[in-house]
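First to last, the sequence lines map onto chains A and B. Its first residue numbered 816, the first sequence is counted upward by one per residue in the numbering used here. Its first residue numbered 99, the second sequence is counted upward by one per residue in the numbering used here.
There's no promise every hint is true.
Under the rule of at most 30 Å between Cα atoms (straight-line distance), these lysine-lysine pairs were calculated in the BS3-like manner [said to hold, decoys possible]: (1) A:K1123 / A:K1134; (2) A:K971 / B:K243; (3) A:K1073 / A:K1134; (4) A:K1013 / B:K243; (5) A:K1096 / A:K1013; (6) A:K1073 / A:K1103; (7) A:K971 / A:K1013; (8) B:K296 / B:K251; (9) A:K1073 / B:K243.
For the record, the hints were derived by calculation from the structure and aren't laboratory data. The structure presented is a predicted model; accordingly, all values stated were derived computationally and were not measured.
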Amino acid sequence: MERIWVLAEATGQGPTALTLELLTEARSLASTVEAVAWGAETASVAGTLGDYGATRVYDVGDLAGALPGPPVASAMAALVDAGERPEAVLVPASYDGRDVAGRLSARLDRPVLTNVTGLVERDGGLLTEHLVFGGTQIVRARFTGEAPGIYVVRAKSFSAESAGGSPAEVVAAPPGDVGPTGVARIVQRHVEEATGPKLDEAPIVVSGGRGLGSQEHYALIEELARLLHGAPGASRAIVDAGWVPYSHQVGQTGKTVKPTVYVACGISGATQHLVGMKGSKHIVAINKDREAPIFSVADLGIVGDVHKVLPALVEALQKRS
Amino acid sequence: MHVVVCVKQIPDPAAPASLEPGSHTLDRSGKLIMDDSDSYGVEMALQLAGGVEGSEVTLVSMAPGGETSGLRTALAMGAGRAILVSDEALAGSDALSTAKVLAAAIRRAEPDLVIAATESTDGYTGTLPVQLAELLGMPSVTFAKRISTDGAKVEVERQTEAGYDDVECPLPAVVTVTAGVVEPRYPSFKGIMAAKSKPIDVLSLADLGIDASQVGAAGAREEIVDVADAEQRGAGEIVVDEGDGAQRVVAFLEQLRVI
Ligand SMILES: Cc1cc2nc3c(=O)[nH]c(=O)nc-3n(C[C@H](O)[C@H](O)[C@H](O)COP(=O)(O)OP(=O)(O)OC[C@H]3O[C@@H](n4cnc5c(N)ncnc54)[C@H](O)[C@@H]3O)c2cc1C
Ligand SMILES: Nc1ncnc2c1ncn2[C@@H]1O[C@H](COP(=O)(O)O)[C@@H](O)[C@H]1O
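Using the sequences and the hints given, assemble the complete structure.
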């Protein structure tokens, strides 16, 4: 392929891990990789974006509190209308990424392939891979219409590797016309402080589910995670129930984790949970139901009551530390 | 205030899903039910409409075979009426085509607020509501975990990587809700009886003035190439806790040298 665009998301700490994963993959697929970024700090991330393979970054600029979907998608559409023709646009599967992809799709009248977990080059085009049925099967798909294809890619589908490239050239993107679509404004941001390793980077993840019975038992999950120098996670059931914040959720709509060890406690193993943790190197499951689907992916399964096994486990580890 | 809620009708997720052999698309030939993910949107709409005088709630769905059972469930929860788009030519539609069809149906309803789920249970592309918003020329706020409205604007707590943002958005707008935004009610017996006589407008593509070649399998610009088995994890060891469960886990972690 000639040219791929990567939607580059950044936080105060620089480009997100998923952005770097997409740049790395784009580099292996196309001779030219360019990024599209927004925010007040684009110049300061151009170095890292270049390092991972982007030669140029189109900068949409500071959005002054607007949600990114409309301004970023309209700037990208304006570039395409002005004759820039990437063959593919890789978009991180994130809150803002999905918004940009949806807007861009409708603007350019191109469909989107979402939940992509792999990309394969074939006959000059791209085949996408999607895990379905809890990760037991892989569906492969492709675009049949006009380029660019829009691909929304899940975290940890590729590993990020620096290429040692020089900083990307920063080019101001033309402002697109957002009309009435651009009126939503962020009036206040709330950052939930987390201590310990980040859920999607931790070498060990200990997750709890509805089988814990009540919110107060989640303390056992946190304590076990702390003792193992890992991060606590959760199934959606207990996030929806309000026991833990959404940032703890593992699965299709939550984080994708691939730790060395994943410990699932009182989690049934619904397909939407499995797709977020099935890539873990080793999986331990504790569940009182022998038939729970989580055991189908477990290296070690304990058929037992979390209220007995967890306290004993915490105690045993406390003794060792 | 007129609130429109997108309600997807899907094969029962509790029944084993299967792919059609030829097209590899999900088999939707059986009876369809309301996607549970949309019950949150329906409940949210009812509560928001209840807070603004003179409000009504209309459901919009696109489904094969004139399916209305999922819509009846949502009507039984309390929505006033429903619009169903059903047409043979729609089979095999991708999310963008579906968004075009829903946009045409929703435009006629002249809503102030459109609510959808962040993602459906069977398709989970999660892009349709934003495509819809763009086609309608409306702003959108996705991943809402709280919503309030005064009839002129919405205030939304929007989920983020780091926590959440307070977002303000004038109406009309599209908002997508996460599960957990509200607790959906169960339809009452009275609601179920009342739902039987609530109006459902059934529209075809011709009614909406949409060219059949632009949607469905004819208009799809993506295709499934093949389906293969994913790499299997090796079978693990499953043991029944006889009081030694914790020790087994400790031994396993030791063997991996993580403790
Ligand atoms: C569109 C969509 C997206 C979704 N995204 C996600 C996602 O990102 N992440 C996610 O996790 N889910 C997701 N889900 C929800 C998913 O389908 C399941 O509902 C959820 O994962 C179930 O959580 P759970 O395993 O904690 O609860 P349950 O399924 O209720 O399982 C509880 C388990 O605990 C066991 N148990 C009970 N008591 C004990 C005890 N004392 N000791 C030991 N075991 C016990 C039970 O045997 C059972 O297996 C999604 C669903 C949809 C429709
Ligand atoms: N055929 C449909 N009819 C009504 N609403 C739909 C339809 N398809 C998708 N939606 C809405 O859009 C949301 C996201 O769908 P999806 O893009 O499939 O993940 C769903 O949860 C519904 O609220």
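Right, here's what the structure says about each hint:
no.	hint	in the structure
1	A:K1123 / A:K1134	17 Å, holds
2	A:K971 / B:K243	26 Å, holds
3	A:K1073 / A:K1134	28 Å, holds
4	A:K1013 / B:K243	22 Å, holds
5	A:K1096 / A:K1013	17 Å, holds
6	A:K1073 / A:K1103	25 Å, holds
7	A:K971 / A:K1013	14 Å, holds
8	B:K296 / B:K251	29 Å, holds
9	A:K1073 / B:K243	27 Å, holds
Hint violations for this structure: none, all hints satisfied.
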